[in-house]
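When we follow this note's numbering, the leftmost residue of the sequence shown carries the number 1, and every step to the right adds one.
It cannot be assumed that every hint is accurate.
[To be verified] Below, in silico cross-link-like pairs of lysine-lysine (DSBU-like), each with a Cα-Cα straight-line distance of 30 Å or less:
no. : residue 1 : residue 2
1   : LYS71     : LYS56
2   : LYS71     : LYS90
3   : LYS56     : LYS90
To be clear, the hints were calculated from the coordinates, so they are not data collected in a lab.
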Amino acid sequence: MSQQRVQTDQAPQAIGPYSQAIVAGGLVFCSGQIPLTSSGELVAGDVEAQTHQVMKNLGAVLEAAGSSYAKIVQTTCYLADMNDFPAFNKVYAEYVREPFPARATVQVARLPRDVKVEVACIALL
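Input sequences plus hints: build the corresponding full structure.
Here it is, written out as structure tokens:
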């Protein structure tokens, strides 16, 4: 099975040895996005502001791969504080539609750059 790297300047560049996404087997595997702008600036503020940026980043990567929010089949969501779950859900629901993707949401001890949220996904092409 071949793999194709997805790269767009509409989302932040990788800050480590990974790709923004990989296309393989008719699927798009998007790396976790944190609330950085495409120019690499950290979006400060509450989890709602950070989640909007994270989802915009995912949208840009999905678009560059030839996919979209509507084709997301699974997300993995990381929160620095599970008390932010309701606010995160409110924003997340603005980007995904029924049938909602399968999802795991976990609280983690720490995220890159000490952000409040990170989201990775798998989508159909």
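Query - Structure-inconsistent hints, enumerated in ascending order - result: Result: no hint breaks.
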